[in-house]
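Let chain A serve as the given structure and place chain B on it in line with the hints.
Residue numbers (our numbering), protein chains in the order written: chain A, 509 to 816; chain B, 509 to 816.
Think of the hints as simulated: they come from the structure by calculation, not from any bench.
Heads up, some of the hints might be wrong.
No copy labels: a pair is met if it fits in one copy or bridges any two.
Listed next, the in silico DMTMM-like pairs over lysine to aspartate or glutamate satisfying Cα-Cα at most 20 angstroms (straight line) [stated by the list, open to error]:
| hint | residue 1 | residue 2 |
| --- | --- | --- |
| 1 | K752 | D800 |
| 2 | K545 | E590 |
| 3 | K728 | D663 |
| 4 | K567 | E643 |
| 5 | K707 | D663 |
| 6 | K752 | E725 |
| 7 | K555 | E510 |
| 8 | K707 | E643 |
| 9 | K741 | E756 |
| 10 | K707 | D528 |
| 11 | K812 | E540 |
| 12 | K707 | E737 |
| 13 | K808 | D675 |
Protein chains: 2
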Amino acid sequence: MECIRVFSPATVANVNCGFDVLGFALEGIGDEIFLRKVPQKGISITKITGADLPMEASKNVAGVAGMAMLEFLNADFGFEIEIKKGIPIGSGIGGSAASAAAIVFGINQFLDKPLSLQQLAYFGMKGEAIASGNEHADNVAPAIFGGFTLIPGYDPFEVVSLPVPDDLFVTIIHPHIEINTKDSRAALPKMVPLQDAIKQSGNLAGLISGLYTSNYELIKRSLIDVLIEPHRKPLIPLFDNAKKVALEAKALGFGIGGSGPSMFALSKGEKTATSIEAALIDLYCKSDNKIDTIVSKLSKTGSKILNE
Amino acid sequence: MECIRVFSPATVANVNCGFDVLGFALEGIGDEIFLRKVPQKGISITKITGADLPMEASKNVAGVAGMAMLEFLNADFGFEIEIKKGIPIGSGIGGSAASAAAIVFGINQFLDKPLSLQQLAYFGMKGEAIASGNEHADNVAPAIFGGFTLIPGYDPFEVVSLPVPDDLFVTIIHPHIEINTKDSRAALPKMVPLQDAIKQSGNLAGLISGLYTSNYELIKRSLIDVLIEPHRKPLIPLFDNAKKVALEAKALGFGIGGSGPSMFALSKGEKTATSIEAALIDLYCKSDNKIDTIVSKLSKTGSKILNE
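Chain A on its own, in the form it takes in the complex (with noise of 0.2 angstroms):
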């Protein structure tokens, strides 16, 4: 095959009480890159629809982690690149990501696979790094697995792919705000009440357990973020009608994507998922707030070669 078309979903990081540690991939809306292999060394960006970003690959997420990986493996040759953003700019949902795990998962498939599922969401977290200046696989390794993914830590990096019931549904929002990632870091406190701690913990440990044996009672009951949401939700305006309204349309839980603004409501099934959508829209309409959703089942496929 002398070319490639990968995908790679949108994800949502941070999330709930699983903030730094847990992400889950969205089903439909990701990022398309087409690879074609070259003789020439690295990677050349010859066209970019969706969104308006650098083609110069260094200051691509794409370029970079491509270049990252191909001189990781000492390739000598390179790939000239199309990237089709599915994902718009700043929407909180894994942007970046997609387009750093679609680049190293596809490369990988051009070289026989000689990486992990593990070293791609790695590399793609490097490439990313590069980038963004925020060296984290919450998004990327989502975006590579599918699923929930788990990073019970980084040293050493490790990625848990969790196991997603059948009928699990997510309704993204994203209000037209920009929120500086400074702010939003520098709303978390440096200390949290032991107590907190505990609850926090005990509520991911009853997300995973409901995650492993679709229980959406559980999954509901642990939904639930004590250590977080009351520092960064002033910086999102609407947050605690908007929870109010999701968690009446039968979400299972809310919470903040990523660092925000964009937030989600998960829910047993997609018309729960399409009235929680609406009850939001008509939330943010009346008062006068611009915002996108998206509703999407949890894709369990993660990245994936469309032209197979």
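For chain B alone, coordinates are given in the frame of chain A:
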């Protein structure tokens, strides 16, 4: 059936990164209670072997737990009971919890199981609390359910039964010292670093996942307690040495059992558990500290009726 003999196993609470939420049950070692239904209301204790404990029901954990349950169920009869303590007093492996578990489990059996295991755990906890002053179910829950149990929260009270990998063994070591519960509580800080709280929750999530997938390597990497152990270990003689010795003998993890002074090592296979025991005996013998040790498979069954 007019008579029932119940066995409830010894348990370890505060399992490492699962402080306050995770416990597990041992096999083979536990308390037995023999119940005989009588027309007189209430509980009367006719015999206690294996430990010097109050015969007066209102001063005995099993008595208190049993009476509370009979009252709740509005029973117009009572029980004569004999208690055979298999768990040494003060050994830190859930002696009171086992007695409380055994009596509520036995009474439930007599009445054709009106209560769920979770309700029994709640009752056992209430009974144990009246006697011990400590309302926690992290010993009584595994004593009833068996295996690993997670208690994500007390409001609502919930017990999640977790799977146990087949080859999981525990080595218990009990130094002959007493730790005042007050000291043990006072050793804990009120506030902890957010980064440590996140690390701890990631470890607990990894451990839960490892239990569901029988992934011993993941269990091993996850059994790290950064929140509690550093503060409590100074109360226990030779803790750091014991941990080093256990890990060198291939323990998956090591930690303080309950609030100490007992310690436990988890391992894969009985042979490893026994070498850990030998290494620990050697360590404490050299330093002239008296200890008891137990090696046990993790029990999957919890409380059971012996004369069915």
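Checklist line | Alpha-carbon proximity between K567 and E643, which holds within one copy, between copies, both or neither at 20 angstroms | finding: Answer is within: at 16 angstroms inside a copy they meet the 20 angstroms cutoff, but 58 angstroms across does not.
Note to self: At most 20 angstroms between alpha carbons: which applies to K808 and D675, within, between, both or neither?
What the structure shows: Close inside one copy (11 angstroms), not across copies (30 angstroms); limit 20 angstroms.
Next item on the list: Pop the pair K545 and E590 into one bin, within, between, both or neither, using alpha-carbon distances up to 20 angstroms.
Entry: The answer is within: 12 angstroms in one copy meets 20 angstroms, while 79 angstroms across copies does not.
Check: When no copy is named, should K707 and D528 be tagged within, between, both, or neither for a Cα gap of at most 20 angstroms?
Finding: both (16 angstroms within a copy, 9 angstroms between copies)
Check: Which holds for K728 with D663 at a C-alpha limit of 20 angstroms: within a copy, between copies, both or neither?
Finding: Classified as between: cross-chain Cα gap 14 angstroms, same-chain 31 angstroms, threshold 20 angstroms.
Notebook entry, point to check: When no copy is specified for K707 and E737, does a C-alpha distance of 20 angstroms or less occur within a copy, between copies, both, or neither?
Noted result: Both: 14 angstroms inside a copy, 18 angstroms across copies.
Checklist line | Copy assignment of K741 with E756, given that the CA separation must stay at most 20 angstroms | finding: Answer is within; shortest intra-copy Cα gap is 19 angstroms, inter-copy 46 angstroms.
Margin query: Within a copy, between copies, both or neither: which one fits K752 and D800 at a CA-CA cutoff of 20 angstroms?
Written below: Only inside one copy: K752 and D800 sit 19 angstroms apart there, 54 angstroms across copies, limit 20 angstroms.
Checklist line | Homo-oligomer pair classification [D663, K707; C-alpha up to 20 angstroms] | finding: For K707 and D663, only the inter-copy Cα distance (11 angstroms) is at most 20 angstroms; the intra-copy one is 25 angstroms.
Check: From the Cα coordinates, with 20 angstroms as the cut-off, is the pair K812 and E540 best called within, between, both, or neither?
Finding: within (10 angstroms within a copy, 57 angstroms between copies)
Notebook entry, point to check: When no copy is named, should K752 and E725 be tagged within, between, both, or neither for a Cα gap of at most 20 angstroms?
Noted result: within (18 angstroms within a copy, 41 angstroms between copies)
Check: Can you tell me if K555 and E510 fall within 20 angstroms by alpha carbon in one copy, between copies, both or neither?
Finding: within (18 angstroms within a copy, 83 angstroms between copies)
Of the hints listed earlier, there is not a single one the structure fails to meet.
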